[in-house]
Amino acid sequence: AQTVTQSQPEMSVQEAETVTLSCTYDTSESDYYLFWYKQPPSRQMILVIRQEAYKQQNATENRFSVNFQKAAKSFSLKISDSQLGDAAMYFCAYRSGDSNYQLIWGAGTKLIIKP
Amino acid sequence: EPEVTQTPSHQVTQMGQEVILRCVPISNHLYFYWYRQILGQKVEFLVSFYNNEISEKSEIFDDQFSVERPDGSNFTLKIRSTKLEDSAMYFCASSIHRGLTGELFFGEGSRLTVL
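Those sequence lines, one after another, are chains F and R. Residue numbers for the first sequence follow this note's numbering, so the first one is 340 and each next one is one higher. Residue numbers for the second sequence follow this note's numbering, so the first one is 4 and each next one is one higher.
Check the hints yourself; a few may be wrong.
Cut-off 25 Å, straight-line C-alpha distance, at most; resulting in silico cross-link-like pairs (DSS-like, lysine-lysine) [said to hold, decoys possible]:
#, chain 1, residue 1, chain 2, residue 2
1, F, 412, R, 81
2, R, 45, R, 81
3, F, 417, F, 453
4, R, 45, F, 449
5, F, 412, F, 453
6, F, 409, F, 394
7, R, 60, R, 45
8, F, 409, R, 45
9, F, 409, F, 453
10, R, 45, F, 417
11, R, 60, R, 81
12, R, 60, R, 86
If you want the ones that stay clear, here's a sample from chain F, every Cβ over 10 Å from chain R, calculated [claimed, not checked]:
#, residue
13, 353
14, 368
15, 383
16, 396
17, 419
Which chain F residues face chain R? A few, computed with CB under 7 Å, are given here [what the hints assert, rightly or not]:
#, residue
18, 386
19, 403
20, 441
21, 446
In case anyone wonders, no lab produced these hints; they're calculated from the structure. We put the beta carbon where it would ideally sit given N, CA and C, even for glycine.
The task is simple: from the sequences and hints, build the whole structure.
Given below as C-alpha cells:
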C-alpha cells in the first residue's frame with residue numbers, strides 16, 4: 340500500500356523568506372500523481388500544485404515550486420517570498436495512476452509566517 | 004467564486020444515532036467525494052460518487068455509511084448508527100472531471116462529535 344510521510348509537523352519562516360516543506364512517499368507504482376494542498380485556518384483545502392510522475396520537469400506555480408525526486412520518492416514544496424497569507428496547514432497527497440478518485444494524504448505541516 | 008458548502012459545521016450526537024452530513028457541490032461538477040480526518044490523524048478517503056452511483060470506496064466505508072444525491076444539488080453522507088470512532092472532521096469535495104484534470108474542490112468540513 341502507498342504511504343505519504345510529512346516529517347515536519349510545524350515549520351516557521353520569516354515573511355519574505357523561502358521555506359521548503361518535505362514530503363516522501365512509498366509506492367511500487369510507476370504511474371502516479373502528487374499534490375500539495377493548503378488549508379488555511381477554518382477554511383477549505385485548496386490545491387497548490389500538482390506533479391505528474393512521468394514528467395521530469397518540476398512543477399511551478401508562481402511562488403510555489405516543487406522538487407520532485409522520483410528515485411528518492413521525495414516531493415518537497417518550496418515557497419518563495421513567503422507572505423502572511425501563506426500561513427496554513429500544507430498537505431502532501433498521492434494518487435495512483437490506476438485510481439481516479441482516492442487521494443492518500445500525509446499528516447500535514449503547519450506553516451507559520453513570522454512578520 | 005463557486006464553493007463547496009457543507010452543513011452542519013459541527014454536530015454532536017449520541018452513540019447509536021443516525022447522522023446526515025450535507026454538502027452542496029459546485030453546480031457544474033460531476034464527481035463527488037467524502038473524506039474524513041480523525042483528530043491527530045491523516046485525511047482518509049471514504050467514497051467517490053458519479054452518475055448517481057458509488058465509483059470507489061475505501062474499507063472505512065462499510066455498511067454503516069451511505070451516500071446519495073437526493074435532489075440534484077445536495078450530496079449527503081449518512082452514518083446509520085454512529086460509533087465513538089466516527090468522531091472526525093468530514094470533508095466533502097467535488098470535481099468537474101475525473102482523474103488528474105479533475106482538481107478537487109473541498110468544503111470547509113463538518114465536525115462530528117459522537118458521545
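For each hint, the structure was consulted:
1. Between the alpha carbons of residue 412 of chain F and residue 81 of chain R the distance comes to roughly 37 Å, so the proposed pair goes past 25 Å and is violated.
2. Proposed proximity of residue 45 of chain R and residue 81 of chain R is supported: the alpha carbons are some 21 Å apart, at most 25 Å.
3. At roughly 17 Å between alpha-carbon atoms, residue 417 of chain F and residue 453 of chain F fall within 25 Å of each other, so this suggested pair holds.
4. As the CA atoms of residue 45 of chain R and residue 449 of chain F are separated by approximately 13 Å, the hinted pair is consistent with the 25 Å bound.
5. Of the pairs offered as hints, the one joining residue 412 of chain F and residue 453 of chain F is violated, with about 30 Å between alpha carbons and a cut-off of 25 Å exceeded.
6. Restraint check for residue 409 of chain F and residue 394 of chain F: satisfied, since their Cα atoms lie roughly 10 Å apart, inside the 25 Å limit.
7. With a C-alpha separation of about 17 Å, the suggested pair residue 60 of chain R and residue 45 of chain R falls inside the 25 Å cut-off, and the hint holds.
8. Taken as a hint, the residue 409 of chain F and residue 45 of chain R pair is honoured in the structure, with Cα atoms around 23 Å apart against an allowance of 25 Å.
9. With a C-alpha separation of about 32 Å, the suggested pairing of residue 409 of chain F with residue 453 of chain F is violated against the 25 Å cut-off.
10. With a C-alpha separation of about 22 Å, the suggested pairing of residue 45 of chain R with residue 417 of chain F holds against the 25 Å cut-off.
11. Proposed proximity of residue 60 of chain R and residue 81 of chain R is supported: the alpha carbons are some 14 Å apart, at most 25 Å.
12. With a C-alpha separation of about 19 Å, the suggested pair residue 60 of chain R and residue 86 of chain R falls inside the 25 Å cut-off, and the hint holds.
13. The Cβ of residue 353 of chain F sits about 28 Å from the closest Cβ of chain R, beyond the 10 Å cut-off, so the non-interface label holds.
14. Interface exclusion of residue 368 of chain F from chain R stands, the closest Cβ pair being 14 Å apart, more than 10 Å.
15. Residue 383 of chain F, annotated as away from the interface, has a beta carbon of chain R within 10 Å; the closest lies near 4 Å.
16. The claim that residue 396 of chain F lies off the interface holds: its Cβ sits roughly 16 Å from the closest Cβ of chain R, which is beyond the 10 Å cut-off.
17. Look at residue 419 of chain F: its CB is around 23 Å from the nearest CB on chain R, clear of 10 Å, so calling it non-interface holds up.
18. Interface restraint check: residue 386 of chain F against chain R, minimum CB-CB distance 5 Å, threshold 7 Å, status holds.
19. Checking residue 403 of chain F against chain R: minimum C-beta separation of about 15 Å lies over 7 Å; hint violated.
20. Interface hint at residue 441 of chain F: satisfied, since its Cβ lies 4 Å from the closest Cβ of chain R, which is below the 7 Å cut-off.
21. Interface restraint check for residue 446 of chain F: the shortest CB-CB distance to chain R comes to about 5 Å, inside 7 Å, so the restraint holds.
Checked against the numbered hints above, the structure violates hints 1, 5, 9, 15, 19; every other hint is satisfied.
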